[in-house]
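Asker: Just need the whole structure built from these sequences, with the hints factored in.
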Amino acid sequence: MKTCLRCTRDLDATSDFGKDARKPDGRRPYCKQCARELTAEYRKDESYRNRERKFSRDYNNLHKAERRAYRLKYETDPAVRENIRAKGRIWGSNHREKGLFYGAKGRAKKEGCAFNLDPEDIRIPEVCPILGIKLVRGNGRVVEASPSVDRIVPSLGYVKGNIQIISFKANTIKSNATLDEIEKVAAFLRKAGRS
60 MKTCLRCTRD
70 LDATSDFGKD
80 ARKPDGRRPY
90 CKQCARELTA
100 EYRKDESYRN
110 RERKFSRDYN
120 NLHKAERRAY
130 RLKYETDPAV
140 RENIRAKGRI
150 WGSNHREKGL
160 FYGAKGRAKK
170 EGCAFNLDPE
180 DIRIPEVCPI
190 LGIKLVRGNG
200 RVVEASPSVD
210 RIVPSLGYVK
220 GNIQIISFKA
230 NTIKSNATLD
240 EIEKVAAFLR
250 KAGRS
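Just so we're aligned: the sequence shown equals residues 60 to 254 in this note's numbering.
There may be inaccurate statements among the hints.
Derived DSSO-like pairs: lysine-lysine, alpha-carbon spacing no greater than 27 Å straight-line [stated by the list, open to error]:
{"#": "1", "residue 1": "Lys168", "residue 2": "Lys219"}
{"#": "2", "residue 1": "Lys219", "residue 2": "Lys250"}
{"#": "3", "residue 1": "Lys157", "residue 2": "Lys233"}
{"#": "4", "residue 1": "Lys103", "residue 2": "Lys78"}
{"#": "5", "residue 1": "Lys91", "residue 2": "Lys233"}
{"#": "6", "residue 1": "Lys219", "residue 2": "Lys157"}
{"#": "7", "residue 1": "Lys78", "residue 2": "Lys61"}
{"#": "8", "residue 1": "Lys164", "residue 2": "Lys193"}
{"#": "9", "residue 1": "Lys228", "residue 2": "Lys168"}
{"#": "10", "residue 1": "Lys103", "residue 2": "Lys228"}
{"#": "11", "residue 1": "Lys103", "residue 2": "Lys91"}
{"#": "12", "residue 1": "Lys219", "residue 2": "Lys61"}
{"#": "13", "residue 1": "Lys103", "residue 2": "Lys168"}
{"#": "14", "residue 1": "Lys103", "residue 2": "Lys164"}
{"#": "15", "residue 1": "Lys113", "residue 2": "Lys168"}
{"#": "16", "residue 1": "Lys157", "residue 2": "Lys123"}
Calculated from the structure, these hints are not laboratory results.
Answerer: Structure, rendered in C-alpha coordinates:
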(Lines of atoms letter the chains of each structure in order from A and count residues from 1; the text may use other names and numbers.)
(Lines give C-alpha, C1' and ligand atoms only; values in the text may rest on other atoms or scores of the structure.)
Protein backbone atom coordinates (compact mmCIF):
# COMPACT_ATOMS: atom_id res chain seq x y z
CA MET A 1 0.00 0.00 0.00
CA LYS A 2 1.09 3.56 -0.71
CA THR A 3 -0.46 6.96 0.07
CA CYS A 4 -0.98 9.40 -2.78
CA LEU A 5 0.49 12.84 -1.97
CA ARG A 6 -2.41 14.63 -3.68
CA CYS A 7 -5.62 12.77 -2.77
CA THR A 8 -4.15 11.09 0.38
CA ARG A 9 -5.85 7.77 -0.44
CA ASP A 10 -4.11 4.50 0.48
CA LEU A 11 -3.85 2.52 -2.76
CA ASP A 12 -2.03 -0.51 -4.12
CA ALA A 13 1.53 0.58 -4.93
CA THR A 14 2.00 -1.67 -7.98
CA SER A 15 -1.29 -1.17 -9.83
CA ASP A 16 -2.34 2.38 -8.83
CA PHE A 17 1.01 4.20 -9.09
CA GLY A 18 3.10 4.70 -12.23
CA LYS A 19 6.74 3.60 -12.39
CA ASP A 20 9.56 6.06 -11.62
CA ALA A 21 13.07 4.63 -11.36
CA ARG A 22 14.34 7.82 -9.66
CA LYS A 23 12.20 7.22 -6.55
CA PRO A 24 13.36 4.90 -3.71
CA ASP A 25 10.32 2.63 -4.07
CA GLY A 26 10.34 2.84 -7.88
CA ARG A 27 6.88 4.44 -8.01
CA ARG A 28 5.57 7.96 -8.66
CA PRO A 29 4.34 10.03 -5.66
CA TYR A 30 0.86 10.57 -7.17
CA CYS A 31 -1.65 7.86 -8.03
CA LYS A 32 -2.49 7.36 -11.72
CA GLN A 33 -5.80 9.21 -11.45
CA CYS A 34 -4.21 12.26 -9.78
CA ALA A 35 -1.30 12.20 -12.25
CA ARG A 36 -3.80 12.29 -15.16
CA GLU A 37 -5.68 15.21 -13.57
CA LEU A 38 -2.46 17.15 -12.90
CA THR A 39 -1.26 16.57 -16.46
CA ALA A 40 -4.61 17.72 -17.86
CA GLU A 41 -4.47 20.90 -15.75
CA TYR A 42 -0.88 21.57 -16.82
CA ARG A 43 -1.69 21.10 -20.51
CA LYS A 44 -4.53 23.63 -20.32
CA ASP A 45 -2.03 26.33 -19.42
CA GLU A 46 -1.42 28.69 -22.38
CA SER A 47 2.33 28.94 -21.71
CA TYR A 48 2.60 25.13 -21.98
CA ARG A 49 0.74 25.14 -25.30
CA ASN A 50 2.90 27.95 -26.67
CA ARG A 51 6.07 26.15 -25.62
CA GLU A 52 4.88 22.90 -27.25
CA ARG A 53 3.93 24.71 -30.47
CA LYS A 54 7.34 26.38 -30.61
CA PHE A 55 9.12 23.07 -29.95
CA SER A 56 7.06 21.38 -32.66
CA ARG A 57 7.78 24.15 -35.20
CA ASP A 58 11.50 24.16 -34.37
CA TYR A 59 11.73 20.36 -34.59
CA ASN A 60 9.86 20.27 -37.91
CA ASN A 61 12.06 23.00 -39.40
CA LEU A 62 15.23 21.30 -38.19
CA HIS A 63 14.29 17.86 -39.57
CA LYS A 64 12.21 18.85 -42.61
CA ALA A 65 14.67 17.50 -45.19
CA GLU A 66 15.17 14.21 -43.30
CA ARG A 67 11.43 13.67 -42.97
CA ARG A 68 10.82 14.47 -46.63
CA ALA A 69 13.55 12.01 -47.69
CA TYR A 70 12.15 9.31 -45.37
CA ARG A 71 8.62 9.81 -46.72
CA LEU A 72 9.86 9.71 -50.33
CA LYS A 73 11.77 6.49 -49.62
CA TYR A 74 8.66 4.97 -47.99
CA GLU A 75 6.48 5.88 -50.96
CA THR A 76 8.90 4.75 -53.69
CA ASP A 77 10.75 1.75 -52.24
CA PRO A 78 8.52 -1.31 -51.65
CA ALA A 79 11.22 -3.02 -49.54
CA VAL A 80 11.36 -0.10 -47.09
CA ARG A 81 7.56 0.04 -46.93
CA GLU A 82 7.30 -3.70 -46.25
CA ASN A 83 10.00 -3.48 -43.57
CA ILE A 84 8.10 -0.74 -41.73
CA ARG A 85 4.83 -2.66 -42.01
CA ALA A 86 6.52 -5.85 -40.75
CA LYS A 87 7.77 -3.97 -37.68
CA GLY A 88 4.21 -2.74 -37.08
CA ARG A 89 2.87 -6.31 -37.31
CA ILE A 90 5.50 -7.53 -34.82
CA TRP A 91 4.57 -4.72 -32.39
CA GLY A 92 0.89 -5.59 -32.85
CA SER A 93 1.42 -9.28 -32.09
CA ASN A 94 3.43 -8.43 -28.96
CA HIS A 95 1.01 -5.74 -27.71
CA ARG A 96 -2.46 -6.99 -28.66
CA GLU A 97 -4.29 -5.22 -25.82
CA LYS A 98 -2.51 -1.91 -26.49
CA GLY A 99 -3.34 -2.22 -30.18
CA LEU A 100 -7.04 -2.59 -29.35
CA PHE A 101 -6.79 0.31 -26.88
CA TYR A 102 -5.21 2.71 -29.40
CA GLY A 103 -7.63 1.58 -32.11
CA ALA A 104 -10.62 2.33 -29.86
CA LYS A 105 -9.09 5.67 -28.85
CA GLY A 106 -8.65 6.66 -32.51
CA ARG A 107 -12.22 5.65 -33.41
CA ALA A 108 -13.60 7.58 -30.43
CA LYS A 109 -11.74 10.71 -31.56
CA LYS A 110 -12.86 10.26 -35.17
CA GLU A 111 -16.50 9.63 -34.24
CA GLY A 112 -16.55 12.27 -31.48
CA CYS A 113 -17.79 9.86 -28.81
CA ALA A 114 -16.80 9.57 -25.15
CA PHE A 115 -13.56 7.81 -24.19
CA ASN A 116 -12.12 7.30 -20.69
CA LEU A 117 -10.43 3.89 -20.93
CA ASP A 118 -6.97 2.97 -19.71
CA PRO A 119 -4.80 0.31 -21.41
CA GLU A 120 -5.39 -1.89 -18.33
CA ASP A 121 -9.15 -1.95 -19.12
CA ILE A 122 -8.53 -4.05 -22.24
CA ARG A 123 -8.14 -7.76 -21.44
CA ILE A 124 -8.53 -10.30 -24.23
CA PRO A 125 -10.31 -13.52 -23.15
CA GLU A 126 -9.43 -16.92 -24.62
CA VAL A 127 -12.82 -17.31 -26.31
CA CYS A 128 -15.51 -14.94 -27.58
CA PRO A 129 -18.14 -14.61 -24.82
CA ILE A 130 -20.93 -14.41 -27.43
CA LEU A 131 -20.05 -17.03 -30.07
CA GLY A 132 -17.73 -19.24 -28.00
CA ILE A 133 -15.02 -19.30 -30.68
CA LYS A 134 -11.32 -19.07 -29.84
CA LEU A 135 -10.03 -15.54 -30.33
CA VAL A 136 -6.98 -15.42 -32.62
CA ARG A 137 -5.04 -12.67 -34.32
CA GLY A 138 -5.15 -12.65 -38.12
CA ASN A 139 -1.88 -12.66 -40.06
CA GLY A 140 -1.64 -8.93 -40.80
CA ARG A 141 -5.40 -8.56 -41.28
CA VAL A 142 -8.63 -8.82 -39.32
CA VAL A 143 -10.36 -12.21 -39.43
CA GLU A 144 -13.72 -13.33 -38.03
CA ALA A 145 -12.07 -14.66 -34.84
CA SER A 146 -9.99 -11.52 -34.24
CA PRO A 147 -10.63 -9.81 -30.90
CA SER A 148 -12.41 -6.46 -31.13
CA VAL A 149 -13.64 -3.82 -28.69
CA ASP A 150 -17.43 -3.70 -28.50
CA ARG A 151 -19.45 -0.85 -27.01
CA ILE A 152 -22.30 -2.55 -25.14
CA VAL A 153 -24.46 0.57 -25.55
CA PRO A 154 -23.02 2.29 -28.65
CA SER A 155 -24.32 5.76 -27.75
CA LEU A 156 -22.35 5.81 -24.46
CA GLY A 157 -18.99 5.51 -26.24
CA TYR A 158 -15.79 3.79 -25.11
CA VAL A 159 -16.16 4.25 -21.37
CA LYS A 160 -15.42 2.04 -18.37
CA GLY A 161 -18.15 -0.56 -17.84
CA ASN A 162 -19.50 -0.14 -21.39
CA ILE A 163 -16.97 -2.25 -23.30
CA GLN A 164 -16.35 -5.93 -23.81
CA ILE A 165 -13.86 -7.85 -25.95
CA ILE A 166 -15.66 -10.08 -28.44
CA SER A 167 -14.86 -11.60 -31.83
CA PHE A 168 -14.93 -9.40 -34.91
CA LYS A 169 -17.70 -11.61 -36.32
CA ALA A 170 -19.90 -11.12 -33.23
CA ASN A 171 -19.18 -7.39 -33.25
CA THR A 172 -20.15 -7.19 -36.94
CA ILE A 173 -23.38 -9.08 -36.30
CA LYS A 174 -24.19 -6.90 -33.31
CA SER A 175 -22.96 -3.68 -34.93
CA ASN A 176 -25.30 -0.90 -33.82
CA ALA A 177 -28.47 -2.96 -34.20
CA THR A 178 -31.08 -2.98 -31.46
CA LEU A 179 -32.18 -6.18 -29.71
CA ASP A 180 -35.51 -5.98 -31.56
CA GLU A 181 -33.74 -5.77 -34.93
CA ILE A 182 -31.49 -8.75 -34.13
CA GLU A 183 -34.52 -10.80 -33.03
CA LYS A 184 -36.32 -9.94 -36.32
CA VAL A 185 -33.28 -11.13 -38.33
CA ALA A 186 -33.13 -14.35 -36.25
CA ALA A 187 -36.87 -14.95 -36.76
CA PHE A 188 -36.51 -14.38 -40.52
CA LEU A 189 -33.60 -16.84 -40.76
CA ARG A 190 -35.53 -19.48 -38.77
CA LYS A 191 -38.52 -19.01 -41.08
CA ALA A 192 -36.26 -19.34 -44.14
CA GLY A 193 -34.91 -22.63 -42.75
CA ARG A 194 -31.36 -21.43 -42.02
CA SER A 195 -29.69 -22.72 -38.91
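Asker: State for each hint whether it applies.
Answerer: Each hint, compared with the structure:
no.: 1; hint: Lys168 x Lys219; in the structure: holds, 16 Å
no.: 2; hint: Lys219 x Lys250; in the structure: violated, 39 Å
no.: 3; hint: Lys157 x Lys233; in the structure: holds, 23 Å
no.: 4; hint: Lys103 x Lys78; in the structure: holds, 24 Å
no.: 5; hint: Lys91 x Lys233; in the structure: violated, 34 Å
no.: 6; hint: Lys219 x Lys157; in the structure: holds, 16 Å
no.: 7; hint: Lys78 x Lys61; in the structure: holds, 13 Å
no.: 8; hint: Lys164 x Lys193; in the structure: holds, 25 Å
no.: 9; hint: Lys228 x Lys168; in the structure: holds, 24 Å
no.: 10; hint: Lys103 x Lys228; in the structure: violated, 41 Å
no.: 11; hint: Lys103 x Lys91; in the structure: holds, 19 Å
no.: 12; hint: Lys219 x Lys61; in the structure: holds, 24 Å
no.: 13; hint: Lys103 x Lys168; in the structure: holds, 19 Å
no.: 14; hint: Lys103 x Lys164; in the structure: holds, 20 Å
no.: 15; hint: Lys113 x Lys168; in the structure: holds, 25 Å
no.: 16; hint: Lys157 x Lys123; in the structure: violated, 30 Å
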